[in-house]
Amino acid sequence: MTHRTLPREPRASSTSTALAVVGLLLVTMTLVAGIVLSTNALDVREGARTTAWLFPTAIAGIGALLTAVILRFASILASLRLRIDAMRDHLPALITTYGGN
Amino acid sequence: MSTPAIQARLRVAGYQARPAPAKEGLRLSDLAQRMWKPMLAMGAMVIAAGIVLGIISAASANDYFGLTGTAIQGAAANGAIVSDRALYEAVSNGFLPPLLFLGLGFLLSGVTFLLATILGTLRDGGREIQRAVGGDAVDLVKPITAKLFPPVMMIGLMVLIAGLVTGIVVAADQSTYWLHASSQVAAGPNTGALTSDLATIQSLRAWLQPLDFVGMALILSGIVLALATIVTALRFQAGRVVQLGEAGNPAAS
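Protein chains in written order, with this note's numbering: chain A, 117 to 217; chain B, 219 to 471.
Since the hints were made in silico from the structure, they are not lab data. None of the values given here were measured: they were computed from a predicted structure. Among the hints, erroneous ones may be present.
As the list claims (entries may be wrong) - Just a few of them, taken from the derived set where beta-carbon distance is under 10 Å, the chain B residues facing chain A:
#, residue
1, Ile274
2, Ile379
3, Val383
What the hints assert, rightly or not - If you want the footprint, here are the derived chain B segments under chain A, 3+ residues with CB under 8 Å:
#, segment
4, 265-272
5, 304-316
6, 324-332
7, 350-362
In this text, a Cβ means the ideal position worked out from N, Cα and C, and glycines have one as well.
Work out the full structure, taking the sequences as your base and the hints as a guide.
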C-alpha cells in the first residue's frame, strides 16, 4: 500500500545532474584544448600528444552525459512505479467515492 | 463469436488490444531489467580504459616527437624510438577510436534496456490497475516499433564490434609499418611493399570512422523506436482508463 507522503526523490536524480555538469565540463575542456592547440598548429610534438588524450576525454565527457541520461531514466522508472502503485491502491476507492462524476 | 474473432475486434483508443495472457515465458523487459546496469558498467569501464590508453599514447608521442630530426632519421628498426611511434600510431590512429565508440555503444544500449524496462513496467502496471478497478486486463498488441527496436540496437552493437575488430587489424598494420627503420618510413614509404602497407592502412581508416558512426546511428534509432513505443503505450493506457470509466458509469456512455 502506498503512503500518504511520497518517498524522497531517488538519489540517481542528483547524481545525474552532477554527472551532466562533469560531462559538459570535460567536453568544454577538450574544446579549449583544441583552440589552444590551433594557435600553434605547426608544433607536431604538442599536436600529437594533445590529440592522443583529447579524443578519449571528449568521449568520456559524452559518456558522463549519457550516464546522466540513464540515471534520469532510472528516476523516471522509479516515479512511474510509484504512480502505478498509487493508482492501483487508490483508484478503486476514488471510483467508489465519486461514482465516476 | 469465436475467440479469435473477439480478439480481432478488441480495440482501445484506436489501438489493437489482446487479453493479457495468464502466464508468460521469459520476456524482453525482464531480461532488460537485469541487463541495463551491466551495460552501463561495461561502457564506463571501456571508456576508462580508453582514457588510460590515451595517456600512454600521449606519453609515447611526447617521447618520439621530442627527438631531433637527425635522431629520428637514424632510428633503427624495432628499437626504442620506432617503438614509441608504433605504439602511438597503433593506439591513437588504430584501435582506440573504435574502442571508445564501443564504450559509448554499451552506454546507449543501457539506455535502450532501461527504456524496455520502462515499457515492461507500464504493461504490468496497466494490468494491475485494470484488475484493481474490476475490469478485464488487456494488453496493447505489440506495435511495429516495439518489434523493431531490440534488433536495431543489437545490429548497431554488432557494427561497433566489427569496427573494433577492424581497428585491431589497423593497429597491427600500423605497428608493423612503424617498427621499420625510420629512414624507410618517417619521410614516406621507401619501398613498393611499404607503400602498399601504408595504402592498406589508409584505406581501412577511410571507412572505419563512418562505420562507427553507422553503429551509433543504429543504436540511437533503436532508442527513438523505443521512445515511440512508450508514447503508444501511454496513449493506449489513457484510452483504456476512459473505456473502463465509461463501462462502469452508464451516464457517461
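Hint by hint, here is what the structure shows:
1. Ile274: 9 Å, holds
2. Ile379: 17 Å, violated
3. Val383: 19 Å, violated
4. 265-272: Coverage by chain A holds here, the residue count being 6 at a Cβ distance below 8 Å.
5. 304-316: holds (count 5)
6. 324-332: With 5 residues closer than 8 Å to chain A, the segment 324-332 of chain B meets the three-residue bar; holds.
7. 350-362: holds (count 3)
In this structure, the earlier hints numbered 2, 3 are contradicted, and the remaining ones agree with it.
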